[in-house]
Amino acid sequence: MKMIEQIEAYLRGEMNEQERAAFEQQRDADPLLDQQVVAHQTFIEQLKDYGTHHKLLSEMNAIHEGLDIEAIKDEVIPKSLVIRKLWDKYRMNAAVAASVAILAVMGTLFSTGFFSKSNAIVSGYNALRREMSKEVDRKIQRSKKELMQNLNTDVSKGPANPGAYSATGFALTSSGYIVTNNHVIEGADSIYVQDNNGNSYKAVKVYTQPNYDIAVLQITDKNFSSLKTLPYTFKKSTADLGENVFTLGYPREEYVLGMGYVSSRTGYKGDTVQYQIDIRVNSGNSGSPLLDNKGNVLGIISGKENNVDGASFAVKSKYLLESLNEAPEDVKNDLVLNKKNTLSGLSRKDQIKKIQDYVFMVKVY
Amino acid sequence: MSREIKRSVPTDSEVILGILNGSKDILEIVYKAYFPMILQLVVMNNGNEDDAKDVFQESVLVLYDKVKSGNFELNAKLKTFIYSVCRRLWLKRLSQLSRNAGNVKDFEDILPVEHDLERHEEKDKQFKQMEKALVHLGEPCKTIIEDFYINNKSMQDICEKFGYTNADNAKNQKYKCLQRLKKIFFQT
Numbered sequence: 000m001k002m003i004e005q006i007e008a009y010l011r012g013e014m015n016e017q018e019r020a021a022f023e024q025q026r027d028a029d030p031l032l033d034q035q036v037v038a039h040q041t042f043i044e045q046l047k048d049y050g051t052h053h054k055l056l057s058e059m060n061a062i063h064e065g066l067d068i069e070a071i072k073d074e075v076i077p078k079s080l081v082i083r084k085l086w087d088k089y090r091m092n093a094a095v096a097a098s099v100a101i102l103a104v105m106g107t108l109f110s111t112g113f114f115s116k117s118n119a120i121v122s123g124y125n126a127l128r129r130e131m132s133k134e135v136d137r138k139i140q141r142s143k144k145e146l147m148q149n150l151n152t153d154v155s156k157g158p159a160n161p162g163a164y165s166a167t168g169f170a171l172t173s174s175g176y177i178v179t180n181n182h183v184i185e186g187a188d189s190i191y192v193q194d195n196n197g198n199s200y201k202a203v204k205v206y207t208q209p210n211y212d213i214a215v216l217q218i219t220d221k222n223f224s225s226l227k228t229l230p231y232t233f234k235k236s237t238a239d240l241g242e243n244v245f246t247l248g249y250p251r252e253e254y255v256l257g258m259g260y261v262s263s264r265t266g267y268k269g270d271t272v273q274y275q276i277d278i279r280v281n282s283g284n285s286g287s288p289l290l291d292n293k294g295n296v297l298g299i300i301s302g303k304e305n306n307v308d309g310a311s312f313a314v315k316s317k318y319l320l321e322s323l324n325e326a327p328e329d330v331k332n333d334l335v336l337n338k339k340n341t342l343s344g345l346s347r348k349d350q351i352k353k354i355q356d357y358v359f360m361v362k363v364y
Numbered sequence: 000m001s002r003e004i005k006r007s008v009p010t011d012s013e014v015i016l017g018i019l020n021g022s023k024d025i026l027e028i029v030y031k032a033y034f035p036m037i038l039q040l041v042v043m044n045n046g047n048e049d050d051a052k053d054v055f056q057e058s059v060l061v062l063y064d065k066v067k068s069g070n071f072e073l074n075a076k077l078k079t080f081i082y083s084v085c086r087r088l089w090l091k092r093l094s095q096l097s098r099n100a101g102n103v104k105d106f107e108d109i110l111p112v113e114h115d116l117e118r119h120e121e122k123d124k125q126f127k128q129m130e131k132a133l134v135h136l137g138e139p140c141k142t143i144i145e146d147f148y149i150n151n152k153s154m155q156d157i158c159e160k161f162g163y164t165n166a167d168n169a170k171n172q173k174y175k176c177l178q179r180l181k182k183i184f185f186q187t
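One line per chain: the protein sequences are F and B, in this order.
So for the first sequence, numbering that gives the first Met the number 0 puts the first residue at 0; every next one is plus one.
So for the second sequence, numbering that gives the first Met the number 0 puts the first residue at 0; every next one is plus one.
Be aware that one or more of the hints could be misleading.
[Said to hold, decoys possible] Here are the simulated lysine to aspartate or glutamate pairs, EDC-like style, with alpha carbons at most 20 Å apart:
1) B:152 x F:48
2) B:76 x B:11
3) F:47 x B:123
4) B:65 x B:138
I should point out that these hints are in silico values taken from the structure, not numbers from a laboratory.
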């Protein structure tokens with residue numbers, strides 16, 4: 000302890016001249032003492048350093064307390080900082096997330112066919128007009144080829160470009176009135192009908208009844224000569240369940256026969272205007288005639304329920320006749336329906352042969 | 000985005016003189032002059048005002064040590080020195096928090112201050128160690144040691160404050176305390 004006291008006194012300069020000289024002499028002679036002096040000095044310095052740091056910090060804290068941090072912040076930091084900071088920090092993430100979201104949505108929509116099937120899938124009901132845009136390229140190629148091969152043939156046979164939609168219609172009268180579904184010709188620029196032999200005729204819409212999804216067209220083409228007497232008649236009463244039915248339509252370029260039976264007296268969601276028919280129909284079948292075994296038109300194929308087997312719908316002939324009654328006078332006077340059925344008793348094959356000339360493909364542009 | 004920060008600032012040599020004299024006023028002026036700059040730096044780079052306070056106070060400690068040790072050469076502006084130190088400290092803190100591994104958005108020129116910071120780190124370690132040792136030492140030893148060595152009080156004052164019968168007793172007590180402090184300090 001004596002030693003430390005001496006060292007301390009020496010370091011603090013509390014020694015007088017003599018004592019210091021003596022101590023220094025002793026220090027020179029004794030390396031151990033020298034070491035002790037240095038060690039003590041260092042330690043005290045560290046202690047003092049600690050003291051100053053501590054003091055400084057508490058002083059600075061006191062100053063800091065006195066500052067108006069918010070005011071300084073307002074001064075040095077732009078107002079929109081919070082948003083901008085978030086934006087700066089997360090804009091990459093946001094961009095990536097947005098692209099992923101867009102890709103995912105587009106991918107899903109594309110893969111589920113949202114873009115290709117923009118035609119009336121409303122709820123579960125699928126109107127059966129056929130979109131032709133998918134076939135456009137192929138058909139343009141083909142029609143080009145045809146045109147090139149048959150430059151001299153009659154161009155008036157039909158338009159070279161294919162329609163946006165196609166469906167089916169059938170003759171109401173031999174004079175060129177055609178009936179089809181209203182949804183087929185809705186928003187149409189121009190309408191052509193094409194018969195079994197491939198002849199296209201220009202047609203115009205003369206009357207529509209959207210409530211029953213019925214539209215009446217008239218062939219106005221000068222190349223059109225009137226048809227022979229219609230072989231079928233229109234049934235005024237409602238058909239019975241289990242009645243065997245068949246239909247002829249254009250789900251593709253060629254007409255296609257479908258057979259089935261009446262499975263319910265009401266249509267989609269209990270719609271009394273329609274029958275439910277268990278029959279295979281496809282896009283393009285809209286407007287096809289639905290006939291019974293005797294050759295009476297029972298209805299017009301109009302749609303089917305998505306994801307349900309054997310649930311196709313046809314507008315009842317009763318409502319067809321009803322809507323024709325409501326047609327404008329001039330049209331109504333022209334519409335003299337056939338009363339004589341020439342199909343009953345014929346075999347299905349012969350019936351079809353007779354009907355085929357009265358079923359048209361309706362092309363909408 | 001950066002706005003020029005204008006404030007009345009004492010000349011750098013005034014500050015250094017003030018530091019050497021331990022002037023409280025100078026400290027306050029320095030604090031008020033340069034803290035906003037650091038607040039801007041830290042807050043604009045993912046920090047808050049408490050981070051800014053820590054970083055800034057640490058940089059002042061670095062400056063003090065450097066001036067006291069006599070090797071502060073005024074070859075750059077004091078402001079630049081403080082900014083550079085803070086920037087470095089904040090970068091380090093950020094990488095520890097792994098909030099931002101890359102760079103910070105700068106508002107001022109910067110100096111290379113790695114060497115100063117290495118020294119400072121060592122000092123800081125000692126500082127923490129000393130603090131721990133003192134806390135461990137307990138009362139009344141802590142106060143006796145602090146009064147005598149740090150606050151430069153005389154043995155007589157200490158004797159009176161703690162009610163020792165004479166200065167020798169107090170000295171004896173102080174000696175024992177110092178021995179214990181050394182022991183604790185070098186143990187850890």
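Structure-based check of all given hints:
{"no.": "1", "hint": "B:152 x F:48", "in the structure": "holds (16 Å)"}
{"no.": "2", "hint": "B:76 x B:11", "in the structure": "holds (7 Å)"}
{"no.": "3", "hint": "F:47 x B:123", "in the structure": "holds (13 Å)"}
{"no.": "4", "hint": "B:65 x B:138", "in the structure": "violated (32 Å)"}
Figure legend: structure checked against the earlier numbered hints; the only hint not met is number 4.
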